[in-house]
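Start from the sequences, fold in the hints, and give me the full structure.
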Amino acid sequence: MDFLTEFPSLGKRDLRDLKKGIDGSFREWSRTYGDGIEAFFDPLYFFLVWLEKLLIATPWPLILIILAGLAYLGSRSWKLAAGSVISFLLIGYFGMWKDMMATISLISVATLICIAVGIPIGILMSRYDRVQSAVTPILDLMQTIPIFVYLLPVVMLLGIGRVPGLIAVCVYALPPIIRLTNLGIRLVDKEILEAADAFGSSYRQKLFEVQLPLALPNIFAGVNQTIMMALAMVVIASMIGVKGLGMPVLQAVQNQYLTLGLMNGLAIVALAIIFDRVSQRYGQRLQAHRFGKEHE
Amino acid sequence: MYKLFMSTVVAGVLTLAGQAYAACGSLSMADMNWPSATLMANVDKIILEEGYGCEIEMVAGATTTTFASMNEKGQPDVAAELWINAVREPLFKAMDEGRLHSAREMPITDLGEGWWVPDYVLKNHPELKTVLDILERPDLFPAKEDPSKGEFIGCPAGWGCQLSNINLFRAFKMEDKGWILTDPGSQAGLDASMAKAVDRKDNWFGYYWAPTAPIGKFNMQLMPFGVPFAGADNWDGCIAKAEQDCADPKPSAWTKSEVHTIVTTNFKETGGADAMGYFAKRIFPGPIMNKMLVYMEDNQANGPDAAIEFLIKYEDIWTPWVSADVAKKVKGSL
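Here the protein sequences line up with chains R and F, keeping their order. Each residue of the first sequence is one higher than the one before, starting from 1 at the first, in the working numbering. Each residue of the second sequence is one higher than the one before, starting from 1 at the first, in the working numbering.
No lab work stands behind these hints, which were simulated from the structure alone. Computed from a predicted model, the values in this text were never measured in an experiment. There's no promise every hint is true.
Here are the simulated EDC-like pairs of lysine to aspartate or glutamate, each with C-alpha atoms no more than 20 Å apart in a straight line [stated by the list, open to error]:
no., chain 1, residue 1, chain 2, residue 2
1, F, K177, F, E127
2, R, K98, F, D146
3, F, K281, F, E49
4, R, K19, F, E175
5, R, K98, F, E175
6, R, K53, F, D305
Here it is in structure tokens:
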């Protein structure tokens, strides 16, 4: 009866040897190729360091003007630009300026990487069903696997600090942009595509002139989600030594410093809201420009 | 005559049976939730049971909860590895009142917190004898961010030791000497940064504590600070506080962590002089303890498994703790 109540499993010893074997070969592999892989990521690392130092070294009024300008250019809304200036002033006034610059540099680089990698993958997925069925489970994995499960091997390989933090952020923030690009292109009206075919457009023309513009609302929703998720990962990234607003949050959580936690948490929220509103408005404006006018 | 004979025999048997237990009694022992403590408790259990005829029941525990229970209810009877910094005041009060007793101060040697380097650093640079020597050589520990600076890995954000490390970093004027302090963010980050450096034979300099498996696994060496402990006022009143509450930190060796084996009055009485005498002699050498922790981690061994492994493998360590007679009994039971 033991057979029915005890699940037939690999023996304790075999299981241990299996785990040790895999751990050992990973160590071996990381020892052999670690330096090379680290060197591969070095340009990214130095770019991150450079950007952060640049942001911190730049006089704060200049940063404020640039950020307000970007907010206005993106959204064409004075209210939003003024709102972001006030939030940044408050964040700086409460002593979080340096941390905020570190976070902004990480989040903007992460978002750019996610967009640069995500949109092409999304396009491929929408074109080939086979790619879609291969990539979807990977995206599911990226979104659900507990973060430290892949973070520790990455840290063993690259050390603590910005690059593993960036990888962690990207693994988590990449799926929405891929999914929504794919979805957006697939949702484009078949009849419009037929019309494009009828005009004899090539695949490239169809993609860039028809599908992508019509998929823009979804793609922008994806960009938006990517930014949000990247910001949500700031605290996790701090757990492997990334500087920024996440570090004080960790400190606050461990010591029940309620105010410190709340202040830094709210600063992350403020960044999220600003990034979100600006990118959404920008997305809306792009579409108004693309086809809103023609219909007017 | 027959009656007398029988009663003598019965009395004799009773005395004999009684003797086996007379030396000891039925006791409870805390099985703390970290590896070195559970190993020690299980070693104690085997030796006290097999060698001294005690009956020991294990009770799961953690520092503050176990101490509170010992203090309030006198149960469990033994805490093999109690870090007293967290419970200092009530513990000393209970000791003054004679309810709790320290059976052994520092049951593990080389224990505590401090700044460590891997052994090969010292082998390649024998001139580095103290922390002060290391501080003069930031070039040996280049930070990735800025290779002209040395990198010191501190304690994870939010831990008590984070403040002590930040303040010591200031006290030793490390920034002026060309060092940066990196916050590893979590214990996982700290462990991984050490593991990565040792795997690649890179130099590593940072905070850790013993007894722990990483210290044993990577042969980390605790660096003497090269300055004396600069007094409790400096430590408790400044180094251990937030940066803004510590205006003028003085260089200091790390404060001593105090660990005791604490027993109740009940243990002292039922266990008797024998058991107390055993605890008085029982000291685990730090390097051996670290090796045992590595063994436990590598083999995912629990406390009882590890205790048997220890008793078999390190006979020369534990046999001097007990009489030859007891040692024989314990060996016979393995």
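Between the alpha carbons of R/K98 and F/E175, is the straight-line distance 20 Å or under? The hint holds at about 18 Å.
Below or equal to 20 Å on CA atoms is what counts here, so check R/K98 against F/D146. holds (18 Å)
Restraint status (C-alpha distance of F/K281 to F/E49 at most 20 Å): Given pair F/K281, F/E49 holds - Cα atoms ~17 Å apart, limit 20 Å.
Restraint check for R/K53 with F/D305, where alpha carbons must lie at most 20 Å apart: violated (52 Å)
Has the given pair, R/K19 with F/E175, been kept, meaning a C-alpha gap of at most 20 Å? Given that 20 Å is the threshold and the Cα spacing comes to 42 Å, the pair is violated.
Is the Cα-Cα distance between F/K177 and F/E127 20 Å or less? holds (18 Å)
Hints 4, 6 from the earlier list are contradicted by this structure; the remaining hints agree with it.
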